[in-house]
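Going line by line, the protein sequences match chains A and B.
Sequence positions in the first sequence follow my numbering and run 1104 to 1765.
Sequence positions in the second sequence follow my numbering and run 23 to 343.
No lab work stands behind these hints: they were computed from the structure.
Please note that a few of the clues may not be correct.
As the list claims (entries may be wrong) - Cβ pair distances, simulated, as ranges:
{"hint": "1", "chain 1": "A", "residue 1": "P1270", "chain 2": "B", "residue 2": "A49", "range": "18 to 28 Å"}
{"hint": "2", "chain 1": "B", "residue 1": "R217", "chain 2": "A", "residue 2": "R1115", "range": "21 to 31 Å"}
{"hint": "3", "chain 1": "B", "residue 1": "G246", "chain 2": "A", "residue 2": "A1702", "range": "28 to 38 Å"}
{"hint": "4", "chain 1": "A", "residue 1": "A1702", "chain 2": "B", "residue 2": "R217", "range": "35 to 45 Å"}
{"hint": "5", "chain 1": "B", "residue 1": "V272", "chain 2": "A", "residue 2": "R1633", "range": "36 to 46 Å"}
{"hint": "6", "chain 1": "B", "residue 1": "A172", "chain 2": "A", "residue 2": "P1270", "range": "50 to 60 Å"}
From the three backbone atoms N, C-alpha and C, an ideal C-beta is built for every residue, glycine too.
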Amino acid sequence: MSKTRAPTLTIRQFSFVGAAVLAATLAHAPHLPLAISAFILAMVAISWARYRRTDAALPGWVKLALIAAFLLILTAEYGNVIGREPGSALACAMLALKLLETRIRRDAFAAICFASFTLMSALLFDTSLGFALATFAGLALLLAALRELEPRPAASAIVPNLRSYWPPLRAGFAALGLAVPLALCGFLFVPRLDSPLWRTPGDAGGRTGISDTMSPGSVQSLLLDDSAAFRVGFDGPPPARAQLYWRGPVLTNYDGETWTRRESGFAEPDARAVNANGPSIGYEVTLEPTDKTWLFALDLPVDIPLEMQRGNDMSVIRRRPVTELFRYRVKSALSYRFDSVLPSDLRRAALALPDDFNPRSVAQGKTWRSELHDDQAIIDAALALFHASFFYTLSPPPLGRDSVDDFLFDTKRGFCEHYAGAFVVLMRAAGIPARVVTGYQGGYFHRAGNYLLVRQSDAHAWAEVWLTGRGWVRVDPTAAVSPQRIELGAQAVAFGERAWYQSDWLLTLRNQIDLVNRGWNNLIVQFNGRRQQNLLNPFGIDRIDPTTLVWLLIGTSSLLLAAATLWAMRTTRRRAAPLDAAYDALCRKLSRIVGPRGAGEGPRDYAARLRTAQTLSDRCAGEVQRLFGDYVGLRYARAFSTAQDIAEFARSVRRLSIETRT
Amino acid sequence: MSVSLVSPAVPSPLDPILARALDAALAQVNGVVLGKARQIKLAFACFLAGGHLLIEDLPGVGKTTLAHALAATLNLSFARIQFTSDLLPSDIVGVGIYERADSAFKFHPGPLFAQLVLADEINRATPKAQSALLEAMAEHQVTADGTTHALPEPFFVVATQNPLDLAGTFALPDSQLDRFMLRIGLNYPDRDAERALLAASDRRELIAQLSPCLDANQVLELRGAVARVLASPALIDYVQALLAASRSHVELRVGLSPRAGLALLQAARARALLDGRGYCLPEDVQAVFAAVAAHRLIPAAASAASRDELARRLLDQVAVR
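Produce the complete structure using the sequences and hints provided.
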């Protein structure tokens, strides 16, 4: 081994490694807390600025202090260091700290390897097509950085202008492109586990989506969010838009401010007496990750998969949170009746109103009860009230403590959650059991893809009232105020309040583009072990047991790799002329003794290096020097060399056995 | 069990007496200019290859001493021209003076009519005076008053240039640097050499005591032998690869010209001859490459590397066998 200090990176090489690290951590930025992002960014910036000035090593205590500081921030942000988010935050920060101590090629290799791990782990959080493409670009940058580290002829001879950064990047993309067929093979054929190894329990996400509580303003941010909530493929023709009520959490408890679901809903026996009149409709939902346990189904789900559970409020849940794209099949009845008998505890809960809240609304409900005799009449009165003087808007004025009172009697402006909440309060005051149902309404039917796209902006809240003899009946007070909300969607109604990116043509364009996203989800993200097996069954893969399969895989890939290696070696050897080949063979034999011959190292210099190294035995050293003499003689001391001489030289090289000094 | 080669190898081009005389000449100059064996070898190679030498370095590192020692050792007539800003071409070349006796102008040769001309601080003179010298270097003759006068053979110019202290100087343009076959720097002597220098007697006295090691015929014979040194096809491949690399190199605006290639090959041959070899090795090319190429390379505007550094990189990057 040479005792000389390894050369430090050039600032250009360092910049590439820094960019790779930045790209890898940037992929995690969406879920990292601000403090941690700031820490990482600061580390990268400091490393770079520092490396511009000096390539001296950082003292150990500084590193330790930085690690300690980061662990403090981490525990302050997450409370622990176990789990997907804190784990990846830790990885990002360690990567940034690695950059701080990166000085030589070995450090840079380590940093890039770790950066690729970190970059790939970002796919645990987001598997959308756009993100995957961004990851692909990030990976190309990593490869470019690797390439930049290679000591190649033009490495040190780069004009530091902006255009010179493109060739390595292009090479990175080219390398990735070359890897695509191999990746495809791996994707299709490498056995996969149905449940990923990395899933960690209790990942409470910060994802947007319907929550199981509702308080003034909680849905508002959703209504402006264009991202997909789920996509639905119907077995038959899609139902009419007005029937597309996607049932989510059902909220019964009300404390004057917030609506929450009943905890006992799933402990109680399943809902009773569902009478589905008419045909049921089957469909498959592909739900974007929500990090929540509840699922969405059309009113009312009658047939759900075994792994899912239906509460007695007819909402559907799953045991594990939906942390990745989740696909399930449901059958729903569009016309139905359920719960002809209301248990007393449920009735109590569906009539409960907090004391000292919304006195005017309660009074209004009581008035209706005394004036009107029929429950249906009371409902009609409430809907008529909304229809007469209320206005649908996505930016309602703020409400006070008695939010329902303020809304009903003062502001009279709001969107679904206001109407649903106020309606249920009125009903309960009038003695009619009522509850809020949240979920989504409508969706965009994509004709070309034959599927329904439901966006976060389709989030909706409506009410259910319990009528004697009819059971729970859906009432959508928002429809009374603004029928277009149901017909066209929330954003179409609130067009005056839309931002430029929500203009019609852009929305149409994005609806069309969603077809690509769906294809990505179907073909790539949802490709699991079962579908893999289905794909390979025609080739008899189902008749082979897994152990054999693994051995078969290892055997085949080893053989292929060996064949490729041999082929690569053969092609490089065949190209060389006889004298070149013999000389290369000589240098190869000796490279173990004094290291390989440099590109610009002539034969006499190399022979001199061998002489001064003095590692060879005397006899062998003499033979080696003679061989170099012969080579120089053949190549340089003659105007031409005969094939006979060259063959003789090649034989001598083959006969040479390396003996080191004992 | 060495290879018994069928094809004929090139014999040594020098007879033993000439080879010994050449070694003695090298040793003698090395005894005056201490610790500069590499540069002295390059200076000899330059002289034998028929080129001119540019020494670029600080004052007081032995430029003039080297030129003196060379002249004394090679038995060359010596002239020194101190270039100043008011130097006129006629101060170098000579001037026609009216001779009353003959009623005609008679040419009085200038200091240029010597075999070894030391052009000291060439960048102090005006371009006009510089070009008079450079023309003479290229043509080996001067023209004054319509008459052409041949310069003595061998004709060897050693020019010096001070890279610092640039106020009021006219740095040679890149195109004219090309006239010099080699450019070398001398640098400070190392510790031991400097100690020996300080301990020993005055260099001027030393030079005065030098005796010629080679006579004029031997010099001409040596110069002829250079041309006979074999550059094998493989070596020419290597020289071509170097030229090509210099032309496609991103950090270079202008690569090496064919003339530079010829100079490179010629200098390498002379270097091989100095080692007593009748054939040229890649190491010979490498030994002279920086001296031949560095002053001819024009770095790209954005390159921060020095010319010497760029020449070194070219050597590192171009594959040799």
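Now the hints, each set against the structure:
The hint said 18 to 28 Å for the Cβ distance between A:P1270 and B:A49, and at roughly 52 Å that hint is violated. The supplied range of 21 to 31 Å is broken by B:R217 and A:R1115, whose beta-carbon atoms lie about 43 Å from each other. Restraint check, B:G246 to A:A1702: a C-beta distance of roughly 35 Å satisfies the suggested window 28 to 38 Å. A beta carbon spacing of about 39 Å between A:A1702 and B:R217 agrees with the range 35 to 45 Å that was offered as a hint.
At roughly 54 Å, the beta-carbon separation of B:V272 and A:R1633 lies outside the given 36 to 46 Å, and the hint is violated. Roughly 55 Å separates the CB atoms of B:A172 and A:P1270, a value that falls within the hinted 50 to 60 Å.
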